Amino acid sequence: MSHRKTVIAMFATCKKAIPAGVFCLGLLIGSATGQGELRFCLRAEPKTFDPLKVEDDASVAIRYLTGGVLVRLNRHTQALEPELAQSWKVSKDGKQISFKLRSGISFSDGTPFSAEDVAYTVQQLMDPSLHSATGDAFRTGPGKVETKVISPTQISITFPAPVAGLDRQFDQVAIMSSHSPKKEMAVLGPFMVADYKPGATLELKRNPNYWKMDEQGHKLPYLDGIHLDIQANRDVEMLRFKRNEIDLINSLDSEYFDKLSESSANVAHDAGPSLDSEQMWFNEVQKAPIPAYKKNWFRSANFRRAISEAVNRADMAKIVFRGHAQPAIGPVSPANKFWFNAKLKPQPYSPDTALKMLQADGFRMENGTLKDKDGNAVVFSIITNSGNKYRERMATMMQEDLQKIGIHVNVVTLDFPSLIERMTQSFDYEAILLGLTNVGLDPNDQMNVWLSSSDNHQWNPSEKTPETAWETEIDKLMRAQASSADAKKRKESFDRVQEIAVDQMPFIYLVNKNALSAVAADVHGASPVILSPQTYWNAERLSVK
Amino acid sequence: MKIWRTIACVVLLLMVGVSLSANWLAPDGYAKQYREAAGAPPSRQHWLGTDEIGRDRFARVLYGTRISLLLAPAAALISTLMTAFVGGLAGYLGGAWARAAMAVTDLFLSLPWLFLLITVRALMPLNVSPLVSVLVTFLLLGLLGWTGAARVLCATASSLRNSDFVRQARASGVRGPRLFWIHVLPNLKPVLYAQFWISIPAFILSEANLGILGLGVAEPLPSWGSLLKELEGLVSVGEEPWKFVPLVLLVVVVTSFQLVLSNSDEVAA
Amino acid sequence: MLGRKIARHGIAILATALIGGLLSATLVRLAPGFDADEAQLDPHLSSESIQALRQSRQEQHNIFHFYFQSLQRALKGDLGRSLSLGQPVSELLRQRVPLTLRLVALGFFLSWAAVLALALSTAWLRVAAYDGLATVMSGTLLCIPAAVLALLSVLWNVPGALAIGLIIFPRDYRYARNLLSKAHAQPHVLAARAKGLSELRILFWHVVPVVAPQLLAVAGVSVSLAVGAAIPVEALCGFAGVGQLAWQAALARDLPLLVNITVLVTLVTLLANSGADVLGSVLRGEHA
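Chains as they are written, first to last, in our numbering: chain A, 8 to 552; chain B, 473 to 741; chain C, 1408 to 1695.
No lab work stands behind these hints: they were computed from the structure.
Bear in mind that the values here come from a model prediction, so they are computed numbers and not experimental data.
There could be a bad hint or two in this list.
To be verified - No more than 20 Å apart at the CA atoms, straight line, and that leaves these computed lysine-lysine pairs for PhoX-like: (1) B/504 with A/396; (2) A/266 with A/60; (3) A/60 with A/107; (4) A/495 with A/344; (5) A/483 with A/498; (6) A/344 with A/96; (7) A/325 with B/504; (8) B/701 with B/715; (9) B/474 with A/396; (10) A/96 with A/495; (11) A/496 with A/249; (12) A/266 with B/715; (13) A/363 with A/380; (14) A/411 with B/504; (15) A/411 with A/99; (16) A/107 with A/219; (17) A/396 with B/661; (18) A/498 with A/344.
Chain A with its partners taken away, still in its complex shape (with noise of 0.2 Å):
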């Protein structure tokens, strides 16, 4: 009895231990993990963890961190790279698109992933009542979305319009699980969420089930997890990275950029012009609530293009952002290599070419003063949003250029929600400087910036029909390149934009920023790009020692 009993409790040892052992030996063998945990900061609170209603940046990261994709835009190379998918094909008209996915893989909660989950994504994702940006960007026309299932690891959807960049568009779409219990929480990505302290912070922590592995055959990602802080304040964020209480600052700013550089060299790092822009714009909206003749000035390409020339952009570029930034010349960054119309030259700067361009639509200068030909003082006002200190120095930098031609610029800080109110809702204001950050590679993400239609087309939102013969162009020119699968035809469109917004300056296009951003020492594995997210991109193959 006491040998039955003993050779049980072996059995039961053995029993435990075996899993044990074979987790030890899969360590051994399959991972390269416990490289440490990365920690930075968000700027925000995210909103939500539902990855298709993603829509602010902090959730946008969560998303990038956590979510599956089914194809990824590499930061680096900006190529599109299988991930879940793994080939796929477009149709010529660019209405459909077919994926076949690897197998083998799952959720972080277990849950086998298949072909199932992407049509249940694609549809929630399409859903009208969704009202979701990712979704939006899917929607060229009315109709209802196909997906058809062939088998577990292949799928097809098809569109009721083509869609510019079909393919690249799934980098933004995190797929779901179908019938997981966790819902949004059960991911494909290379982390998970662990644990949430609303306003504090948020932990994320290695995915056991993600499916990628390196060239070596260790399992992703490297990192432990990732701590996440919420801080808003850049003042203090820089701080802690100077304590080494974070690791990285994935957008920095650039007047601690030198002062970061003198004290640890490659900490700081600029990653040269990105795809952000800063662009002021005149209101001419016709109903708008200003003075008709100040309607009349913002409406005349000639005023806007010799404000524009009136403008020292090199100074903003040097004063304002320390050197990181250039010149904008257009709606395009350079840093944008095949979307750039390389044809475009640099934006003059000449206040008194610009002065004679004034003086030709009847301006003249009376006491140090401009007026118009019925004798206004060309005075108005540029808002911007309060505290973001670099618009207001570069506002602060355009009223001093403007004044050397007789014009006084009132510049005024408002609240963000009062801004968007005036720019959107009763368009009660004269000039806005604003910019675009976060900018895709695709012209077609700026697709209602341009369409006249549209309520983004910032400077007159929804005409019913365009106001003007360069605005019906650029409408025909976006409608063209948006349905059309030839990249060579849409750069043609697309080229063609850009010289028109360039000559009528709809936008007064001021500086590209550069990327930069900081990455302590023991980061390894980081190479920042221009690309969001700029330093975290390949988050799986980072690590901390």
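Dock chains B and C against the given chain A, drawing on the hints supplied.
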């Protein structure tokens, strides 16, 4: 103490004199941007260096003194008078008047006035002159800044209402406004002086914070508040101690006001 | 009598808090930017989505209807849902109120410990140089922006409560010092001194009791100042408290959150001030 009071008066007059002489001491003005010397440290050309876009900081401190030294005490006076009116009268009258006044005061303390200020900005034209903007800002600060001391004044006036000398005055036939004006109000001076003294720097700092709503001093006009906001870049300010000059000046002015007021208080007592 | 006064205060507190909530809702509703959402600037959004965003606050346009419905829901324990954070308001407050309470309470006590120590010692010693030094110190603190004090607390790794204490200290000190100084000049104090009583005895037996009601009033007001000071301190130091929440809610025009926070702050202010009132009445002997 008389010597300290004299020194304080001289300091304040000197500040006023220097700020009025800004046109001669800094003839290039506060707005000119020396772009080739942006963010420069102190030098012979720029005694306090230049700011981030190359404006002479010394000139901006001088011109900023005009705005802050003139308008902040004016706004402090408004808030002090309102404190005296609301808090002092409520405490003097007592009963339901005091309860109602203090309920209103507590409401004033709790409401998010940020939205009233945003609304005021929305009602103002965008092209309002910087001077009008700053006048409106300080007026609003004065009209909203009385609540803190009103309660204290009410409690003080309540204590005085039944004090011996007030009873005696009442028994002598002194009544109503005269009783309040001659016998109660002078004894409220310690709180009123404290309120006035506290309000000056509070309003100077608040004016700078109101910039986020579009109120306050608009560019390129300088103020001490906007200059003090530079201190929020703590990471760099340790290496740029000249940025502390507006803070030092403000402390000197505030201390001078206190010395002048303290001595008046002792004389009254 | 005292019981009646407390009951009267209780009713007044409730009524005032409810009025405060309504006024706050009105202020937020009428302020520009109410219907504005940063998300509508996303160029990916379609026109329908932008319209849907603008319509999402439709039910809050009639402020009386909104407030009345909120009150009805609040009676059942439902404080509504935050528009900017997408979470139940009750849950948000439950998570954050304890931290803010701790921060504010500690800041308040630190401040008042310093106020009483300095003001009483100034009144006791009656040395001009000491008084001058205290004036300069409190004046300097008054001149430092609250945001800078908060940042300094991060820089020097000191508790955020100390920053709150330093923000409210100079105001409280100035009132306390002036009140004590004024009381020292009263005839009965001169008489006590003439009779040979020690300065310490005079201070604690003849000066402090006289100004105690006013000092309590100062303390009551400084509670609401401490709550206000919590906003920059929490926002900058990264404390997930009600102050940080209030600031986010204000920027986002988050009406359900703002109304509830205002009612909470009003209640705290009223309780503190009413408590000071009642205690002051007792000390003045109005309730024998």
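- request: Check each numbered hint from earlier against the structure, then list the numbers of those it violates in ascending order.
  value: Per hint list: 2, 3, 6, 9, 11, 15 and 17 violated.
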